[in-house]
Amino acid sequence: MNSEKLIAVITDALEEIKAHDIDVINVAEITSMFEHIIIASADSTRQTKSLANNVQEKVKAAGGNVFSVEGEQTGEWLLVDLGDVIVHIMLPAVREYYNLKALWSERS
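In numbering that gives the first Met the number 0, the protein residues as written are 0 to 107.
Be aware that one or more of the hints could be misleading.
[What the hints assert, rightly or not] Taking lysine to aspartate or glutamate and the EDC-like style, the derived pairs with C-alpha atoms no more than 20 Å apart in a straight line are:
#1 K48 x E71
#2 K48 x E28
#3 K48 x D20
#4 K59 x D80
#5 K59 x D20
#6 K48 x E95
#7 K48 x D11
#8 K48 x E3
#9 K57 x E71
#10 K4 x E56
#11 K57 x E3
#12 K59 x D11
#13 K59 x E34
#14 K17 x D42
#15 K100 x E56
#16 K59 x E15
#17 K48 x E69
#18 K48 x E75
#19 K100 x E14
#20 K48 x D80
#21 K57 x E69
#22 K57 x D22
#23 K4 x D83
#24 K59 x E75
#25 K100 x E28
#26 K17 x E56
#27 K17 x E75
#28 K57 x D80
#29 K17 x D83
#30 K4 x D22
#31 K4 x E34
#32 K57 x E14
#33 K4 x D80
#34 K59 x E14
#35 K100 x E34
[Stated by the list, open to error] Cβ-Cβ distance ranges computed for the label pairs, FRET-style:
#36 N64 x V23: 15 to 25 Å
#37 D42 x N1: 29 to 39 Å
#38 Y97 x S43: 17 to 27 Å
#39 G62 x E95: 27 to 37 Å
#40 P91 x V23: 14 to 24 Å
These are computed hints drawn from the structure, not numbers from a lab.
Small disclaimer: the values here were computed from a predicted structure and weren't measured.
Cβ coordinates follow ideal geometry from the N, Cα and C atoms, glycine included.
Produce the complete structure using the sequences and hints provided.
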C-alpha cells in the first residue's frame, strides 16, 4: 500500500473515533526511517487506546502492516508503527509538552 492510501486509511480511522487536531507531517527529507508522522489528540486514555486499536484494524483490513504499538499501558501517548507512517495519539497535555509538530516542522 502506498503512503497516500495508508494516510487516508489512518485519518479515516482516527476521525471515525473522534480524534481531533490531526496533523500529517512529511518527514521523508529528514529521515529515511519513515515518510510521514501523523499526530492526533484524544480526550481520555480510553479514547487513545480505542483510536490506536481502530487504526490497527483499518490498516490491516486495507492490506497494510502494523509493526508495533507502544504506550498501551498508560494510554497517555500511543505510538503505532506502520512502517512508512508513524502515528502518535496523545492526550492534549502530553502533546503540548512534547510539541512533536514543532519539533519535526522545524527540521523540514
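Quick one, are K48 and D80 close enough, alpha carbons at most 20 Å? holds, 14 Å
Sort out whether E3 lies within 20 Å of K57, counting only the CA atoms. With Cα atoms ~15 Å apart, K57 and E3 stay inside 20 Å; holds.
Sort out whether D20 lies within 20 Å of K59, counting only the CA atoms. Violated, at about 24 Å.
For a C-alpha distance cap of 20 Å, please report whether K59 and D11 respect it. Holds: K59 and D11 sit about 14 Å apart, inside 20 Å.
Distance restraint evaluation - G62, E95, Cβ atoms, bounds 27 to 37 Å: Distance hint for G62, E95 holds at roughly 35 Å.
Quick one, are K48 and D11 close enough, alpha carbons at most 20 Å? holds, 16 Å
Can the restraint linking K57 and E69 be considered satisfied, given a maximum Cα separation of 20 Å? holds, 18 Å
Are K17 and D42 close enough, with their CA atoms no more than 20 Å apart? Given pair K17, D42 holds - Cα atoms ~9 Å apart, limit 20 Å.
Would the pair K57 and E14 pass a check requiring their Cα atoms to be no farther apart than 20 Å? holds, 12 Å
With the threshold set at 20 Å, check whether the alpha-carbon distance from K100 to E34 stays at or below it. holds, 15 Å
Is K59 within 20 Å of E75, Cα to Cα? violated, 24 Å
Holds or violated: K48 to E3, with C-alpha atoms at most 20 Å apart: violated, 24 Å
The structure fails to meet hints 2, 5, 8, 15, 24, 29 from the earlier list, while all remaining hints are met.
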